[in-house]
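Q: Each chain is listed here by its residues.
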Amino acid sequence: MRRIPLPALAASSFGLVTLALALVFFVAPNDADQGFSQRIFYFHVSIAFTSYVCFGAGAWKALRHLWKRDPRADLESYVWVHQGVIFGALVLLTGSIWAKISWGHWWLWSENQLVLFLVLFLFYAAYFMLRFSVDAGPQRANLSAVYALFGVVLVPVSFLAIRLAQHFIHPVVFTRSGPNFGGWILAAYIVSQVAVLVLAYTLYRVELAGKLLDGRIRELRLT
Amino acid sequence: MTTAEKYVTAAYCVVFGIVLLYVVIIALKLQRLERDVDALEKGRDG
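The listed protein sequences correspond, in order, to chains A and B.
Quick note on numbering: the first sequence equals residues 11 to 233 in the working numbering.
Quick note on numbering: the second sequence equals residues 3 to 48 in the working numbering.
Hint data in this document are derived by calculation from the structure and do not stem from the laboratory.
None of the values given here were measured: they were computed from a predicted structure.
Ideal Cβ placement from N, Cα and C applies to all residues, glycine included.
Be careful, since some hints might not be right.
The list that follows gives simulated cross-link-like pairs (lysine-lysine, DSSO-like), each with its CA atoms no further than 27 Å apart [stated by the list, open to error]:
1. K31(B) / K44(B)
2. K8(B) / K110(A)
3. K221(A) / K8(B)
4. K44(B) / K221(A)
5. K78(A) / K221(A)
Not close to chain B: a few residues of chain A, all C-beta gaps over 10 Å, as computed [stated by the list, open to error]:
6. G25
7. F36
8. A42
9. I50
10. W119
11. R141
12. L159
The following block holds chain B by itself, in its conformation from the complex (with noise of 0.2 Å):
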């Protein structure tokens, strides 16, 4: 592998890293609103 594909590697591996990051971010916060609306659920009928 030469440098210049290194670094092609290594920017386009940023781009995706982060981009894959963020969508990890929002499914936790997505599990989280989840749990959130069982709880709300089970007070309706609790």
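Just chain A, with the same shape it has in the complex (with noise of 0.2 Å):
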């Protein structure tokens, strides 16, 4: 399959993040509850997502390298950990903000999702301390697959552990019977849930390319 290339993918990246910034600002009305700081939740919810669809790549190719022995495999589970983690450290941080603003805490350990999701960014925060305590090699290789599988059971509950909860204060936007909000807001979220993935796959694809770059450097040093 051919990749889209590097500068076409930051150019998307750019262009989709503008779009999404001026439909958030400019565009989409004040929430008729939380008023103007309901506009954390397009980039928050979005980044969310994001790190969700890290943490389920980053799964997949850890099972492509168990499955396959493919090299590539794991250094790809790898940056898509990385990026999950990055994107994952947004969604507590930006979360954080939001919770001071609605609630008047920055944190509330009451809240099951809130705690789910920092045991899910802790657990593959966990990753690097046991990808890095092992040497380069299949044994490494094999171990972190086998790790960032695991991990990835923590995303669906930590996803439907709000909507299976009996009492809570953080807000469901996404419900069996659709999106909670409709209109400009709809427009806004969606753009912008493109905009994050899409510069979530750009930095991923950035790193990746660094990486491989420096395997090749250190081969040619070997030879």
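Could you fit the two chains together into a complex? Lean on the hints.
A: Structure below.
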């Protein structure tokens, strides 16, 4: 399969993020309940969904590594997990700011979804400790792959926790009957979601290209 | 600027600040790789 060239991806990311920001700040109306502060939602939710996608892609590549013994899949899995952790950190930071203005607290330990997302984030943060505590080689690749596969189980748990909870204050925007909003709010959210996904894929490709080049240089030094 | 506007600005600054920091780190790494390639080329020619 032919890959999209990096400059085209970077230009798309820039264009989509600019369009998303324009829609969020100049077109989408203020939320009737939360007012202006609801505008954090567009990127906070998009980033959260993107981090789930990154962890899912990391697990898929890990499975591919274990199944097909594809050496590149291990590196791809690692880069996806790295992206997932970066976007996960952004979810926690933006969520914390939103919590402060909406609930008056930076963090609430009583909120299952917050705590479960933190567990998911810390689980994947520990992936790097495991990976770099083992020398490079098949053993490291196999251990990392198994760990990435285990971690992805936490993604649906984190996603469903809030829907199964009886008492919560964290808003649920996507229900079985569809999203809880429409019009320009929905349009701004969809554009923001696409923009963040394309941005994550662009960053993934840039980091992967750097890692592959680094690997080739190491090989050249040895020959 | 209202309190809500300050918090929303802070949230978006955090997002783009971290993405920018990530891009700077990757750019520095690419510079290092470029130097490594130059060193390898010099080693091959010399």
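Q: For each hint, tell me whether it holds in the structure or not.
A: Hints and how they fare:
1. Proposed proximity of K31(B) and K44(B) is supported: the alpha carbons are some 20 Å apart, at most 27 Å.
2. Under the criterion of a C-alpha separation no larger than 27 Å, the hint pairing K8(B) with K110(A) is consistent with the structure, at around 12 Å.
3. For the suggested pair K221(A) and K8(B), the alpha carbons sit about 38 Å apart, so the restraint of at most 27 Å is broken.
4. Between K44(B) and K221(A), the direct Cα distance comes to roughly 22 Å. Compliance with the 27 Å bound is thereby established for this hinted pair.
5. The hinted pair formed by K78(A) and K221(A) meets the criterion: a straight-line CA distance of about 21 Å does not exceed 27 Å.
6. Annotated as non-interface, G25(A) keeps its C-beta farther than 10 Å from every C-beta of chain B; the closest such distance is 15 Å.
7. The beta carbon of F36(A) is kept farther than 10 Å from every beta carbon of chain B, the shortest such distance being approximately 13 Å.
8. Here A42(A) stays apart from chain B, with its beta-carbon at least about 14 Å from theirs, past the 10 Å limit.
9. Interface exclusion of I50(A) from chain B breaks down, the closest Cβ pair being 5 Å apart, not more than 10 Å.
10. Non-interface call for W119(A) relative to chain B: holds, since the shortest CB-CB distance, roughly 21 Å, exceeds 10 Å.
11. Once the 10 Å rule is applied to beta carbons, R141(A) is consistent with being away from chain B; the minimum gap is 18 Å.
12. At roughly 26 Å, the least C-beta separation between L159(A) and chain B is larger than 10 Å, which holds for a residue marked as non-interface.
Violated hints, listed in ascending order, are 3 and 9; each of the other numbered hints is respected by the structure.
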